[in-house]
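Novice: Using the sequences and the accompanying hints, generate a full structural model.
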Amino acid sequence: MRLRDWALDDRCYAVRLGASLMGVHLPTITDAAALETGPVLEIDGGCLRGPADILQRLTSLPEVSRDWHLGIGEERRDAWAESALEQLSHLRRAALLAALPTDGVPPSVFRLMTEIEDRLSDDRLCDRPWLSGRHPGVADILLFPIVALSQDLEVPLDLYPAIRNFIRQFKALPGFMTMPGVPECH
Amino acid sequence: MTDWFPLALGMDVPSETAAPARLYGKEIALWRGADGQVHAWEDRCPHRGMRLSFGFVRNGNLACLYHGWQFGADATCRHIPAHPELRVPGTIHAHAYRAEERAGIIWVSLNEDASLDELPDEDAFGARSILVQAPLASVRVALALPEEGWKWQEDCLVAAHEPEPGLTMLHMASATLANRLDIAARAKTTRDHLEALNEKVPA
Numbered sequence: 001m002r003l004r005d006w007a008l009d010d011r012c013y014a015v016r017l018g019a020s021l022m023g024v025h026l027p028t029i030t031d032a033a034a035l036e037t038g039p040v041l042e043i044d045g046g047c048l049r050g051p052a053d054i055l056q057r058l059t060s061l062p063e064v065s066r067d068w069h070l071g072i073g074e075e076r077r078d079a080w081a082e083s084a085l086e087q088l089s090h091l092r093r094a095a096l097l098a099a100l101p102t103d104g105v106p107p108s109v110f111r112l113m114t115e116i117e118d119r120l121s122d123d124r125l126c127d128r129p130w131l132s133g134r135h136p137g138v139a140d141i142l143l144f145p146i147v148a149l150s151q152d153l154e155v156p157l158d159l160y161p162a163i164r165n166f167i168r169q170f171k172a173l174p175g176f177m178t179m180p181g182v183p184e185c186h
Numbered sequence: 001m002t003d004w005f006p007l008a009l010g011m012d013v014p015s016e017t018a019a020p021a022r023l024y025g026k027e028i029a030l031w032r033g034a035d036g037q038v039h040a041w042e043d044r045c046p047h048r049g050m051r052l053s054f055g056f057v058r059n060g061n062l063a064c065l066y067h068g069w070q071f072g073a074d075a076t077c078r079h080i081p082a083h084p085e086l087r088v089p090g091t092i093h094a095h096a097y098r099a100e101e102r103a104g105i106i107w108v109s110l111n112e113d114a115s116l117d118e119l120p121d122e123d124a125f126g127a128r129s130i131l132v133q134a135p136l137a138s139v140r141v142a143l144a145l146p147e148e149g150w151k152w153q154e155d156c157l158v159a160a161h162e163p164e165p166g167l168t169m170l171h172m173a174s175a176t177l178a179n180r181l182d183i184a185a186r187a188k189t190t191r192d193h194l195e196a197l198n199e200k201v202p203a
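From first to last, the protein sequence lines are chains A and B.
To convert, note that position 29 of the first sequence is 29 in full-length UniProt numbering; the numbers rise steadily by one, no gaps.
To convert, note that position 105 of the second sequence is 105 in full-length UniProt numbering; the numbers rise steadily by one, no gaps.
Calculated directly from the structure, the hints in this document are not laboratory data.
Possibly wrong hints are sitting among the right ones.
[What the hints assert, rightly or not] From the structure, some residues in chain B lie toward chain A, with a derived Cβ separation under 10 Å:
#1 A19
#2 A142
#3 M169
#4 L181
[Unchecked claim] Listed next, the in silico BS3-like pairs over lysine-lysine satisfying Cα-Cα at most 30 Å (straight line):
#5 B:K26 x A:K171
#6 A:K171 x B:K188
#7 B:K200 x B:K151
#8 B:K188 x B:K200
#9 B:K151 x B:K26
#10 B:K26 x B:K188
Positions of the beta carbon are idealized from the N, C-alpha and C atoms, including for glycine.
Specialist: Put into structure tokens, the structure is as follows:
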């Protein structure tokens with residue numbers, strides 16, 4: 001098993017982060033193509049693409065705790081979180097590769113952050129500590145790079161208290177790992 | 001014009017954490033010690049200008065993320081890790097503002113003599129701080145908010161501040177713990193209504 005990885009890509013980070021949190025040893029090989037295609041997991045003689053599918057596959061490994069599986073009756077949010085991560089990834093690449101600085105936060109970023117903030121805020125009032133329910137899951141792992149790397153798009157986090165709360169509790173998870181732009185928790 | 005500004009819900013600054021806030025573009029660090037006391041300081045370390053809201057709270061002090069200078073609840077510098085033997089002069093301190101927690105909301109005043117009479121004195125439970133992409137002036141008019149910047153709407157306390165021109169943070173607190181979800185739903189409806197209104201009538 002091996003990950004075709006690009007260290008600065010947010011989707012690749014989601015997979016490395018997930019593996020670290022789940023306690024999976026995941027060797028990586030740097031592959032510039034992953035900047036465009038996202039992470040690719042070489043496993044069982046084949047290739048698996050897309051951060052949500054890769055993370056789901058990791059949860060099924062024998063060494064991973066059952067806690068990473070959703071509880072019975074809990075709403076699946078992996079697809080929503082993956083779509084949000086794709087949006088952020090696209091916007092972030094556009095901002096980082098732009099020849100000239102952009103003026104202010106793009107409206108599409110505000111829309112994305114508002115959608116995330118609404119969901120996290122309602123969850124908190126319903127005593128649902130994680131997007132995936134009582135324990136963090138794949139949806140939470142996919143969400144973290146979005147909100148943490150939103151700083152690259154100069155999103156002011158004072159406007160999003162539920163997102164700040166999510167970042168803080170996520171960084172305290174055992175096995176949490178950083179990437180450039182995502183500092184450690186103190 | 002009021003001296004007190006509602007900057008955040010109390011529940012959004014948990015014990016032993018720091019959080020950023022802005023008031024008309026002015027950056028303010030809110031933090032809470034283990035004793036539950038909330039503080040509001042200029043969001044700038046006097047050493048190298050790093051934002052103190054990025055810092056961490058340990059042993060009742062707010063420590064700067066950059067070089068670890070630690071500031072006590074009275075805003076004076078207590079410890080400089082690079083000079084552990086140094087008795088830090090009292091002249092080295094963060095710039096503190098007045099902060100009060102009332103009705104589930106953290107209120108900050110830049111005026112040292114501001115009267116507490118302007119603040120609500122009933123109990124309430126924070127429900128939602130929500131971003132509205134509209135200027136505070138139009139939000140005030142649409143919600144008929146009085147000069148003090150807050151009012152009770154039946155069982156809900158509504159307060160607002162402007163982090164930067166054109167953006168408003170609406171803070172809503174509930175008179176009862178059980179009703180917080182309803183109030184949070186009301187906050188989203190209010191935001192959508194105000195933003196639609198703002199698009200029709202640009203400032």
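Novice: It remains to establish, for every hint, whether it holds in the given structure.
Specialist: Evaluated hints:
no.	hint	verdict
1	A19	6 Å, holds
2	A142	19 Å, violated
3	M169	7 Å, holds
4	L181	5 Å, holds
5	B:K26 x A:K171	28 Å, holds
6	A:K171 x B:K188	28 Å, holds
7	B:K200 x B:K151	26 Å, holds
8	B:K188 x B:K200	19 Å, holds
9	B:K151 x B:K26	24 Å, holds
10	B:K26 x B:K188	26 Å, holds
Hint 2 from the list above is the single one not met by this structure.
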